[in-house]
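Undergrad: Chains as they are written, first to last, in this note's numbering: chain A, 836 to 1085; chain B, 836 to 1085; chain C, 310 to 815; chain D, 310 to 815.
One thing to keep in mind: the hints can contain errors.
Said to hold, decoys possible - Below, simulated SDA-like cross-link-like pairs (lysine to any residue); rule was C-alpha separation at most 25 Å, straight line:
#1 D/Lys814 / A/Pro854
#2 D/Lys647 / B/Met934
#3 D/Lys647 / C/Arg804
#4 A/Lys1021 / A/Thr1039
#5 B/Lys1014 / B/Ala935
#6 C/Lys599 / C/Thr371
#7 A/Lys1014 / A/Glu1056
#8 B/Lys944 / B/Pro959
#9 D/Lys809 / B/Met934
#10 D/Lys599 / D/Glu557
#11 D/Lys809 / C/Ile712
#12 D/Lys814 / C/Thr710
#13 A/Lys1014 / A/Ile1004
#14 C/Lys809 / B/Asp847
#15 A/Lys1055 / A/Thr1039
#16 D/Lys809 / D/Glu714
#17 C/Lys814 / D/His706
#18 C/Lys599 / C/Ala572
#19 A/Lys1021 / A/Asp1038
#20 C/Lys466 / C/Glu446
#21 C/Lys809 / A/Val945
#22 C/Lys814 / A/Glu961
#23 B/Lys1055 / B/Arg1067
#24 C/Lys809 / A/Arg928
#25 A/Lys944 / C/Arg728
#26 D/Lys814 / A/Gln850
#27 D/Lys814 / A/Asp918
Everything labelled a hint here was simulated from the structure, so no lab data went into it.
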Amino acid sequence: MLELTGVSKTYDGTQVLQPIDLHVQRGRTTVLIGPSGCGKSTLIRVMMGLIWPNSGTVRFEGTEVTPANALLLRRRMGYVIQDGGLFPHLTARGNVSLMAGYLGWSPEKVETRLDELAALTQFPREGLDRYPVQLSGGQRQRVALMRALMLDPDVLLLDEPLGALDPMIRSELQADLRKIFQTLGKTVVMVTHDMGEAGFFGDTIVLLRDGQIVQQGTLKELVQSPATPFVRQFINAQRSPLESLRGDSA
Amino acid sequence: MLELTGVSKTYDGTQVLQPIDLHVQRGRTTVLIGPSGCGKSTLIRVMMGLIWPNSGTVRFEGTEVTPANALLLRRRMGYVIQDGGLFPHLTARGNVSLMAGYLGWSPEKVETRLDELAALTQFPREGLDRYPVQLSGGQRQRVALMRALMLDPDVLLLDEPLGALDPMIRSELQADLRKIFQTLGKTVVMVTHDMGEAGFFGDTIVLLRDGQIVQQGTLKELVQSPATPFVRQFINAQRSPLESLRGDSA
Amino acid sequence: MRAPQILPALMAAAWAVLLPSAGFAQQASAEREITFGSKIFTESVILGEMAVHLAQSAGARTRHRSELGGTQVLWSALLRGDIDVYPEYTGTLSQEILAGSGVSGEQAIRQALAERGIRMSQIIGFNNTYVIGMKEEVAERLGIRTISDLRRHPDLKFGFNNEFMDRGDGWPMLRARYNLPHQDVRGLNHDLAYRGLEDGSIHAMDLYSTDAEIQYYNLRTLEDDLGVFSTYHAVLLYRDDLNERAPEVVAALLQMEGLISEAEMVAMNSRAKLDGVDERVVSADFLVAKQIIEDPQVEVEGAMARLLRNTRAHLFLVSISLMAAILIAVPLGILAAKRARLGQVILGIAGVIQTIPSLALLVLMIPLLGLGEPPAIMAVFLYSLLPIIRNTYTGLHDIPTGIRESAAALGLPSGATLRLVDLPMASRAILAGIKISAVINVGTATLGALIGAGGYGQPILTGIRRDDIGLILEGAVPAAVLALVVQGLFDLVERVLVPKGLRLKR
Amino acid sequence: MRAPQILPALMAAAWAVLLPSAGFAQQASAEREITFGSKIFTESVILGEMAVHLAQSAGARTRHRSELGGTQVLWSALLRGDIDVYPEYTGTLSQEILAGSGVSGEQAIRQALAERGIRMSQIIGFNNTYVIGMKEEVAERLGIRTISDLRRHPDLKFGFNNEFMDRGDGWPMLRARYNLPHQDVRGLNHDLAYRGLEDGSIHAMDLYSTDAEIQYYNLRTLEDDLGVFSTYHAVLLYRDDLNERAPEVVAALLQMEGLISEAEMVAMNSRAKLDGVDERVVSADFLVAKQIIEDPQVEVEGAMARLLRNTRAHLFLVSISLMAAILIAVPLGILAAKRARLGQVILGIAGVIQTIPSLALLVLMIPLLGLGEPPAIMAVFLYSLLPIIRNTYTGLHDIPTGIRESAAALGLPSGATLRLVDLPMASRAILAGIKISAVINVGTATLGALIGAGGYGQPILTGIRRDDIGLILEGAVPAAVLALVVQGLFDLVERVLVPKGLRLKR
Ligand SMILES: Nc1ncnc2c1ncn2[C@@H]1O[C@H](COP(=O)(O)OP(=O)(O)OP(=O)(O)O)[C@@H](O)[C@H]1O
Ligand SMILES: Nc1ncnc2c1ncn2[C@@H]1O[C@H](COP(=O)(O)OP(=O)(O)OP(=O)(O)O)[C@@H](O)[C@H]1O
Ligand SMILES: [Mg+2]
Ligand SMILES: [Mg+2]
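Please put together the full structure from these sequences, using the hints given.
TA: Written as structure tokens, this is what we have:
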């Protein structure tokens, strides 16, 4: 679906992405993990055609992404920006339905879809008419997710889409989203820092470090045959939920 | 240290905080957990004197927080805003050292402190001269954390301070921070959605739901004698890091 | 009558600059109606209105361009056929209009006029020239009837207008010819002189012989027994061709010949100027009393009505030009923000326009757009561009990168991004620009009166000419109020247009 | 010489409005020097400079207020003692200054002047009146020497200035008195008429007898054999008291009596006007050639120097008023943003100020601040306030809530928040306001010339008066350029002041 060849990116002389080859398979979920600042978000922006690589090409269904066709391709992708990126001048409803309104959806259709999404993300109905500053962090994140899902795009690029959610909503949403992705055959690229989440979603997991792919494969592969010690270290760094209790009791 | 009595808050007619009594003990770390939108950030804002409760009082070391003294009290607290809240017009360095500069710290002292904090948070040195839009999400979060720690305040109010960090940096930072909090006797209020983190830091864990305290105590108490079924459900909702693997292999 | 010289010069000048090049463009388009003119002082307006009544009584369709800028303006308008008739004074004809051609005496004047295709009526009656006035009681007591009589009372104190003190045909000549011995002669403005007469601190002052105040203060005007003051007999001037076009109207107009005595003119001036009765009513009443016409049932325009009319005219100028400015400047600002190079050009041009002095801009407009509202609107419009362009440009530039990226990520095309994201985000800045422009607009539109577009500038300029603070305020105060109202209005618009999400405080 | 009437009226008016109330305040403070005046056309300036040279040769300290607004201005300044000497024309004295007092003949004029404390020299020599000019060759070929000779050539084509066509003492009189049969007479402006003479499309045109162009185009001026044009002999007018104060200077000045012939005046005008030689040089060279004075080594101000001087004056006005505006308006904008109620008042007042017409504001300033730079700066300053205040206010309001909260959370006091957070965040909007103000400022400052503050307005007004597009452009173009430069300058300032973090695109 998405084919990156030799993509590199430099900011002010520092190489943020080394030349990267990556194939995002249709209908599968690819999870990007890696240390903070390793280039995950940059990679996603390149895939969206929001920034342009210094070298290399991105192909979407075989056609090269160019400034000329990026606009139309982007409409076939949903993107959850890392910080939400909500429009402050629009309510939650306005943010989510902006594009649908532009495409001329009927109000009923918009409402129905909004209902579905609010139910999916357990977003409180009364929050729909609040502006971003009036929402909690987790609520804002769910609005961003709803906005990305609104048009039911084939491709979803999700940059830490659930990071600000409480464990309960998060785990339910994880389950629901995975079901959706699988049954509807979505192509998904997701960034997360939660190994549980990465394992839960990831058909393929790509571990980046300093703008380079260190290893890619299933979680199992990464755990069982880490390419470098760093892979093992990274995968195992996360504290388990009730670990301290075990430590306590130990 | 911080004593909340009957604090409630209403926005546009909806009760965001029910009357709450809470005692934040000096030198201890209190962790706030609860579903998204339950009022955790609101409670922290009330403690900071950034918003004023509709009823009830907040006392800081016995003196009631009022608009008149809030300014001075705030300088004794460090606050990591949920979304970072960095000033876009200042570099990372500028953001972190703004207050120190205002208080007339010598450049050397500022530089030394910056070095310490950058080392602590594993923040890349070259990133110090970047502006917020030029930083990755996790880097921004660390800048916000450095800013809160800069003046070495007695009280720290941390609203999901590590949510956007990768597991490796996160776990190292957790360890370092806990050491600092304990050895220097900081009074900390922290919001997190990660149960591992809550258990790791929390001397006391406060579970909020719909603006009310459902239960408070150590993690052990919450796990072993949950006040309601919801408490158990909430505590156990989070997926373990390598859980899916276990499921896979099961 | 020598019209007051100093203050009106400005307006006269403006008119003089503007009129010759433009003419009254509208004239041509209107069906053949008879256009009257009058100068910008009460007596002239009364005479003009009187002529209008008479023409109407003869069935003519009329139009009165009253309160035009000065002798030169009326005279050249008459020559060009922009007006057909206006009241003039013989003294002005020989001393000013025909000055230098050395004509003197009625016959010579008539001939000189005829050569230019202009006819002159017989004199209307009164002579509006300099006179010396005293309180009736004082003059009676001292037995003073003529200026020569003053010689017998060398202790009398005189208070003269500075202009009269200085002018060759004023006090210096009077003193010389009559050999007046008086020592206590001071320069005073007219208002103070009247008061001086009342409280006895002066005994005589200079006046025009038909001044309204003669009646009000009950003054005796001393006979100019040596005849040193030139005569300023009122006459009607009209175009030769009017005789063919509308002989019956000319006949009706000529009923004014010999009709008005000095006392009657004083009474009419007094009614109009001091009692504030509309000139149309004053002149109609006079004609009715003389049984020349039947009561034409004039509708009077009160101060309120005038205010309303000026307000309407001003609002017209402001609203059209502001609307146009918004419609043009916002897109230009957008363009400037989108295309850096072009943006510099647009902002540069808008800036350069702003440096053109307003009067010059108005003058520049005339050849293109004629007189009246169109050039005024155009000029005001041009001045309104820069703040809106600049603030639109700046507002768009100030949108945070994150918001821009969000919009791009949605795949919104740039037009829709502009409409749905950029403009709402920049709305506060754009509105600030519009508010600045609106206020500048209200201010600049007062200049419209200089080229016949009406509005609050009208009373201001008339007031400056008449040295009438009240009248100046009648324009200046509503203009100021309008500026406040416009700002308030846009504050309300801001509540609607600036999205609530951008106005929220936590 | 009748100075061109229409265009200069504006400036004359402005001066007339301003002068009487203010006088030249500086005069009193300077030690007793002798002040000369001249009108705002070349010949008058040459004569004035010549008088200055003569006075200096007699050891006087002098000051030349050249290019004043018009006859009325000079005359009243002379009467008030603001100037001591100026060149005038006999025709202007009788037809304009002393008009109405019926004086005619030199003796009468002398007496009328004496009554006002003014003396008149003998005539300087030349007579600057209307003449009819033809190409020398054509006139020679047809044997035409006098105006009467024209009658013998009824087919000649005439091209007259519109003013000459219309004026009582122009073509109508000429035709009547000389009984001229010519049919092909058109209204043309002078430039076209000269060209017409050159290419033969017309044969005669009207001129003033000392016009520079007579020499340039090699024209023959036809003798007014019936003497229909009034005489305009140049004379010096000076105050009576000068005889006592500086008899030797008067004696020196009177050397001008009978000194200059028509041809000599034409030559001097031509040198000054067409060759662009400074009037001081022209007059000095003349006196040196006549062996009346020794070469005074005049330093000439070239076009560049003049541009520089105007630029300096304009920059002075603009920079001081803009600086003051920034210093006052930014704090006012901050205040407005912090205190909602007070903010409405501040914005309201700033708006109301903007509605005061600029000329009125300048006039209002005079009683408080006198003539010259201070009132000009004040007025320009006042006009610059609104855009800065409004944009500061808006910029501060536009800061996102999150940023505000961050600042509050740090515990920064409000002053520091303003300095470290609010103002940098609002800097782009504030600078946009300053840019708007700066441009308005550059434009409004051109009005400063009306009250003697100099700057680019000087050549613009002089140019309007002289109908000299070149001169107008000498002010208008640099003003426009300055507007661009100022905008460019603030674009640079923006690079420094607007934090890089706010300008970054991803
Ligand atoms: N200014 C406001 N106006 C109206 N409602 C508000 C406002 N601010 C917050 N709320 C509402 O108050 C509730 C509590 O918000 P708060 O930010 O405290 O939640 P939270 O516990 O921090 O959630 P999260 O975990 O998602 O950050 C939410 O439902 C939110 O929508
Ligand atoms: N506009 C920019 N200019 C300069 N450097 C930039 C810019 N944008 C990003 N960077 C740098 O590029 C690197 C990669 O950034 P990116 O946002 O892709 O990281 P990430 O993997 O998403 O990190 P995180 O997990 O913290 O979100 C970081 O070191 C960041 O500082
Ligand atoms: Mg990222
Ligand atoms: Mg929160």
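Undergrad: CA of D/Lys814 to CA of A/Gln850, is that 25 Å or under?
TA: holds, 18 Å
Undergrad: Are the Cα atoms of C/Lys599 and C/Thr371 separated by 25 Å or less?
TA: OK: C/Lys599 and C/Thr371 at ~22 Å, within 25 Å.
Undergrad: For a C-alpha distance cap of 25 Å, please report whether C/Lys809 and B/Asp847 respect it.
TA: holds, 14 Å
Undergrad: Is it true that the CA of C/Lys814 sits at most 25 Å from the CA of D/His706?
TA: holds, 10 Å
Undergrad: Can you confirm whether the C-alpha distance between B/Lys1055 and B/Arg1067 stays at or below 25 Å?
TA: Holds: B/Lys1055 and B/Arg1067 sit about 11 Å apart, inside 25 Å.
Undergrad: Against the 25 Å threshold, does the CA-CA distance of D/Lys599 and D/Glu557 hold or violate the hint?
TA: Judged against 25 Å, a Cα distance of about 20 Å means the pair holds.
Undergrad: Quickly compare the C-alpha distance for A/Lys944 and C/Arg728 to 25 Å and report which way the hint goes.
TA: Measuring from Cα to Cα gives roughly 23 Å; hence the hint holds.
Undergrad: Take a quick look at whether A/Lys1021 and A/Asp1038 sit within 25 Å of each other, Cα to Cα.
TA: Measuring from Cα to Cα gives roughly 12 Å; hence the hint holds.
Undergrad: For the pair supplied as a hint, D/Lys809 and D/Glu714, confirm whether the alpha-carbon distance does not exceed 25 Å.
TA: Holds, at roughly 22 Å.
Undergrad: Can the restraint linking A/Lys1014 and A/Glu1056 be considered satisfied, given a maximum Cα separation of 25 Å?
TA: holds, 23 Å
Undergrad: Below or equal to 25 Å on CA atoms is what counts here, so check C/Lys814 against A/Glu961.
TA: Between C/Lys814 and A/Glu961 the Cα gap is close to 19 Å, so the pair holds against 25 Å.
Undergrad: Hey, C/Lys466 versus C/Glu446, does the alpha-carbon distance stay inside 25 Å?
TA: holds, 16 Å
In summary, the structure agrees with every hint in the numbered list given earlier.
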